[in-house]
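Visitor: Given chain A, put chains B and C in place with the hints provided.
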Amino acid sequence: MRILNRTAGRLSRHRRGPLAGLAVLLTGLLLTGGLYAVFTPATASQAKTDDALIAEGRALFLVGCSSCHGLNGEGIQTDREGVNYGPSLVGVGAAAVDFQVGTGRMPMSTPGQQAPRKDVLYTEDEIAAMAAFVASLGPGPAIPSPEQYSLDGLSEEERQEAIVRGGQIFLTNCTACHNFNGSGGAMPEGGYAPSLKGVEERHIYQAMLTGPQAMDVFSDGNLSPEEKRDVIAYLKSIEEAPEYGGFGLGGLGPVSEGIFAWVLGVGSLVGFAIWIAAHSTRSKKDKVEA
Amino acid sequence: MSIDTSKVATSNTAAATASKPSKAGAVATWADERLGLAGAMKKNLRKVFPDHWSFMLGEIALWSFVVLLLTGVFLSLWFTPSMAEVEYQGSYDQLRGISMSQAMASTLDISFDVRGGLLMRQMHHWAAMIFIGAMMIHLMRVYFTGAFRKPRELNWVIGMLLLLLGTLEGFTGYSLPDDLLSGTGVRAADGFLKASPVIGTYLSFFLFGGEFPGEAIIPRLYIVHVLLIPGLLLALIAAHMLLLVYHKHTQWPGPGRTEENVVGYPMLPVYAAKAGGFFFVVFGVTAMMGGLLTINPVWKFGPYDPSKVTAGSQPDWYMGWPDGALRIMPGWESHFWGVTLSWNVLLPILVLPLAFFALVLMLPFIEAWITGDKREHHLLQRPRNAPTRTAVMVSLMTFYGLLWAAGGNDLIAIKFRLSINQITYFMRAAVFIGPAIAFWVTRRICISLQRHDNDRLLHGYETGVIMRSAEGAYSERHLPISEEEAYTLTARDRDEVYTVESDVDENGVAAQGSRANRLRARLSSWMYSHNVQKPTRAELEEGHHHAEHEAELQAGLDHAADGHQFDGHHSVEGEELRSH
Amino acid sequence: MSHTDDTLPVGVEADPIADPGLPAHHWRPTDVDEKAGKRAERQVAALFTLAIVCAILFVVAYFALEIGDNVDTFLGMGASTVALGSALGLGLLFTGIGIIQLARKLMADHEMVEYRHPAASSEEDREATLAALNAGLEESGIGRRPLVRNSLLGAVGALGLPAIVLLRDLGPNPWSDEVVDPENGGGLEHTLWAEGVRVVRDVVGTPIKVSDLEIGDLVNCQPARMFETDENGHPLVHGVDLQVAKSKASLVLLRMEPDDITPGRGRENWTVQGIVAYSKICTHVGCPISLNERTTHHLLCPCHQSTFDLADSGRVVFGPAARALPQLPLAVDAEGYLIAQSDFTEPVGPSFWERDSQ
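Residue numbers (our numbering), protein chains in the order written: chain A, 1 to 290; chain B, 1 to 580; chain C, 1 to 358.
Isolated chain A (complex conformation):
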C-alpha cells in the first residue's frame, strides 16, 4: 500500500485501504439493523388485539403444554383414579399461568410429586399470551395489577400497620407450611412448601390466589386483597431487614442451630483441647546448665 497516493484523489485513497472493507461491513450491519428496527411491526402486547394474543398463546400452548394438559386444556387423565398427566386448566385463570410459567415450574420437566421452581423458559410476552389463552378457556383469577400488592400511596403509619398486620396473618395462615422465615417446610409424601425468598410480589399474590398444586387456595373471600398485600409487605420487610444476630444459618430453626453448636462449637473446642495437650516440639540438644 502506498501511503501517499495523491494521484488517485482524496476518497480513492481511502477506498482501497485495509480498513475500507471493515467500514463497509459495519455500515451495512448498522443500516440493516436500523431499518429492521424501524419497520418491524410493534410487539404483540402493544399492537395485538385480544384475539391475536389468544391465538399466539394457543400456538405456544400446543407446542409446550398440550402434551400433558390436552389440546384444549381439558387435562389428560389416566386409568388410576386421581392420577393424571396434567390437570384440566379450565377455570384456573391467567394468574395461575403467570405463576406457574413465570416461576419456571411449568413446563414440568419430569413427572413427580411436585413441580420445583426452575429456570423460566418463556419471555414475559409469551407468558402473557399463554395466560390470555388459558383465561379464555374459562373464567378464573386474573393477573393482579401492581397497585393491588404495593404499599405505595399509604402513609408511613399505615404502611407500618400493614406490615404488622401482615405478620400476624402470615403467622396464622402461612408459617405452618412455609416456616417463620419463609424458608419452607415438609409436606406429606415427598411434597414440600417451597422457600419464599426472592419470589416476586406478583407471584406470591398469585400463589395465594390460585393455590398451586397441593397448596390451599386463599381466594379473595378468604384473604382479601388488602390482606394479601399486607402479607407480601411483611415478607419483603423481613427479607430486607438485616440479620440482627449475625449469619442466619438458613432460618430453619433448632435443627440447624444444633448442627452448628456441635460442629463449630464442640468441634472447635475439642480441637483446641487437642492442641493444648499436644506435646510441643522437643529439641535433640541437651540443656546447657547455666
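Source of the hints: derived by calculation from the structure; they are not laboratory data. Worth double-checking, as some hints may not be accurate.
Claimed, not checked - Derived coverage of chain B by chain C (criterion: at least 3 residues anywhere in the stretch with Cβ under 8 Å from a Cβ of chain C; other residues may be distant): (1) 267-280; (2) 306-316.
To be verified - So the derived label-pair ranges between C-beta atoms look like this: (3) C:L170 <-> B:F416: 39 to 47 Å; (4) C:R149 <-> B:D373: 35 to 43 Å; (5) B:R417 <-> A:T27: 53 to 61 Å; (6) B:A31 <-> C:L166: 40 to 48 Å; (7) C:T49 <-> B:K150: 48 to 56 Å.
What the hints assert, rightly or not - Straight-line distance between alpha carbons at most 20 Å, and here's what the computed SDA-like set of lysine to any residue pairs gives: (8) B:K23 <-> B:A38; (9) A:K236 <-> B:K415; (10) A:K285 <-> C:A119; (11) A:K197 <-> B:A38; (12) B:K43 <-> B:S54; (13) C:K38 <-> A:S283; (14) B:K374 <-> C:A119.
Bear in mind the structure is a predicted one, so any value in this text is a computation, not a measurement. Cβ coordinates follow ideal geometry from the N, Cα and C atoms, glycine included.
Guide: Just chains B and C now, kept in the frame of chain A:
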C-alpha cells in the same frame, strides 16, 4: 532464656527448695492465721494432673457453665418473667402494637434496645448447647476408657444427674421468652402431662396454675431456671470436682505409669495455666458464636399464640431424641373402663427417657456385677480392649442418634427431597435393627484391633522395606517395636471370666442365689468371649526369635538386617530408625 | 477361675514386659535456645497485647454502633452484635491462647510423679469412726427404746405432709365448678363455641359467607365472641383468657367438592355445601395444625406429623395421633353467615385420662 530447673522438684515427695519470702507470702500468712488453709493447700497446690486432650472434655462443660452463669446474670438484669399483657412499643417495627407477654417484650428489648443484649442472649444460648454437648462427649470418653470403674462409680452417678439437670435447665431457659417456638414446646409438654395416667389433668392444672396456658408458667419456670437448678448444679459440680481431686485423675497406661501413681504436671503452674487458658478459649469461642451466628430469633417467631405454629418446630437439640421417639411412635391408645391410656405419648416421653437414663446410670454397677471385679482401677483401658463395653455404648449411641435424626425428619425430608412418611417408616425399623448391627460391627472391629496390637507385639511393625529371598519370594521387613510401646500395649489386665463352681451341694440342694450366679456367669463369658488376650512372655520371646530368624534368612546376612543394606543409608548412632 | 478361649497356662505372669520407667526428659527449643525462648516471650506478649486492643475495640464499638430504630448494619447483619461479639471473642481467645502458649513453651514442663492412696480410709480410721458411731448411738439410747424411735420416725414423717399439702394451691382442680364453665368455654371439655356462634376469620374477625369461599379455600377461624368488644371498645376476651380460649377454640375451615366428603355417622348435616370445620388443635399433644394438602385434603401437623383426613371425619391416616380431629357442626344463619350448631361434641386437643368417661 533457659530456665534454671535444677531446683524444681521432680516428684511430689521431694520438697522444692524455697526462694526468698515475697509479698504473696505475707498475704498468705495473714489468711492462714485466720483460716488455717495451709494444711489443705500444701498437697493440692502441686497436685499432679495427667495431660491428655480427652481429659479436657469435662472442662469444656465446666467452663461453659461459668459462661452461662455470667451471661445469665446479665440477662436477668433486664428480663421480666411475667405473662402480664403489654403492647409492644420497642424498636422492632414488625411487632409494634402487638399484644404480648412482658416476658416476650423484655426479651425483644434485650435484643433490640440494650447494647450488647442480643450478644449476651446468643452467647447464653450457644453456651447452653455446648454445655450439654460437652457433658455428653465427656460421658462417652469416661465410658469408653473405663474411668467409671471403682472407685469412681459415684462420680458417674453425679455426672448423670448433672446431664439430666442440664437438659432441664436448657428447656426451662429457652421457654422463658414465651415465643412461638418455645411456647409450642410448652404446649407439647402440657400434652405429655395430660397423657399421664390418673393424675395427668391434675398435674397439668397444677403446673400451669389452671387451664393451659394460664399466666403462671413463665414465672415458675424462671425460678426453676435461675435458682433451683443452678443451685443443684453448683452443688453437684462441687461434689464432682471434690471426688476428682480426692481420687486423683485416671491416666493412660505407659512407661512409668502404674495403678499406684499419677504422672503429669503440677496444678501450679502448668495445669492451672492450661485450664485457665482453656476457660478463656471456651469463653472466646462462645463470644464469637454469639456475635456471628444467629440463634433463636424470637422476633421472627413472634409471641406465643396457641393458634399459630411454624414448620420445623423442634425443641433444642438435646431434647431431639425424645421428640424423634414421639414422631415415629404409632398411634396407640387404649380405652377401657371409661378412661383413656395414651400409649402413643406415654411410651416415648415418659417411659423411654426414664428407662434409657436409668440404664446408662446403672452401667457401672451392671458391669461390676457381671465381671465381679472389686479392684480399684486408675489406669484407663483403650476402647478396643473392652470390646463388649465399647460395643454397648456404640449401640446406645446409635439408638440415640437414630431417634435424634427422627426428630428432624421434616428437615431431612426437605433438604434431601425425601418423603417424610418413608423416613418415619424407616426409622421405626431402624431404631431396633441399627443398634443391633452397630453392636456386632463394633465388637468385631475392636477384636480386630486387638489382633493387630498382638501382631505388633509378636512380629514388630511394618517398615515398608521389601526384601527378596534367594528363592525369589518377597516379604516385608518387620522391626521390633520400642520397649515403651510394647510395655504400653501390654499394660492391661487379662480378662477373667466369672465361672460358677458347682452350685449344688452333696445333697443336691441348690445354693442361694444360684440362678443369679448362673446368669452372671453367662453374661461374663458373653462379655469376654472372643476377646484377644495379651501374649505371655514365652510367646513374645518366641515371636521375637522367629522374627530375627526370618530376617537373617532373607537378608543372607549373619546378623539382623535393618533394611538399609542396599540403599546407602546405614543406621546412625542416636538417629532413631522410623520408630513408632 | 478359668481362662478364656485364648488358652493360657495356669499361673501365667501378669506383665510379660517389664516397666521401662518414665522416659527421660527432653528439653524444648525454648529451654535450650535463648533466641527461641525470647521469641516465645514476644509471641505471648503480642497475644496479650492484641487482647488489650480487642477490649478497647469492644468499648469503641459499644458506643459507636447504633441499635434500635437506626440500626447500623454490616454486610447485611446487625453491626453492633457482630462487632461486639468479634471483639470480645477475639480478646478472650487471644488471652487464652497466650496463657496456653506460656504454659506450653515457657513454663517448666517436667513431668512429676505423685503416689496414690487407696480410696478407702485406713483400717484404724474406720474402726475409730465405727467406734465413735456406736458410742454415739449407744448413748442416744434410741436403739433400746423402740417406742421412742418409732414415734420419732412417725413425727418426722408426718411433718412431711405439710410440705406436700402446701403445694395443693398450685392450681385448681380441673373438674371443679370453678373451672368447668360450659357457658364460657371453661374446662377441658368446653370451648367458646356454642349454638349460633358465628365463624369469623382469625386476625381480622370478619364473618364468612358461603359464597366467599372457593373450592380449596382453607380459612383459619375463631368464634366471633373472641373479637367482640364492650361499649368502650375493649375486647371482651383478652390477655390470658384469650390465650386459653384460643388453645381450644381455634378452627380450620376447608371447602371441598361435596362429593369428596364421606360423612360420618350422624354427621350428615354437619357440612354446608362442601365446607367442613375441624378443630385446629391436634389430638396428639396439642400443636395447632393448618398444613393442608389440598389435593388429598390431608391435614398435617408440623410437630410430629400426625395426618388427618378432612373428608372422612378427621380420621388419623398417619402419625402418632390416636384420635380423629374433632369436627364442628356447621350451619348457616339467617343472614347467610356460617355459624356453629353447637360446641364440639368431644373434648378438643390432647387426650387425657378421664376423656372417655364423659
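Visitor: With reference to the structure, classify each hint as holding or not holding.
Guide: A quick look at each hint next to the structure:
no.: 1; hint: 267-280; verdict: holds (count 9)
no.: 2; hint: 306-316; verdict: holds (count 8)
no.: 3; hint: C:L170 <-> B:F416: 39 to 47 Å; verdict: 45 Å, holds
no.: 4; hint: C:R149 <-> B:D373: 35 to 43 Å; verdict: 39 Å, holds
no.: 5; hint: B:R417 <-> A:T27: 53 to 61 Å; verdict: 56 Å, holds
no.: 6; hint: B:A31 <-> C:L166: 40 to 48 Å; verdict: 44 Å, holds
no.: 7; hint: C:T49 <-> B:K150: 48 to 56 Å; verdict: 49 Å, holds
no.: 8; hint: B:K23 <-> B:A38; verdict: 17 Å, holds
no.: 9; hint: A:K236 <-> B:K415; verdict: 24 Å, violated
no.: 10; hint: A:K285 <-> C:A119; verdict: 42 Å, violated
no.: 11; hint: A:K197 <-> B:A38; verdict: 66 Å, violated
no.: 12; hint: B:K43 <-> B:S54; verdict: 25 Å, violated
no.: 13; hint: C:K38 <-> A:S283; verdict: 16 Å, holds
no.: 14; hint: B:K374 <-> C:A119; verdict: 13 Å, holds
Violated hints, listed in ascending order, are 9, 10, 11, 12; each of the other numbered hints is respected by the structure.
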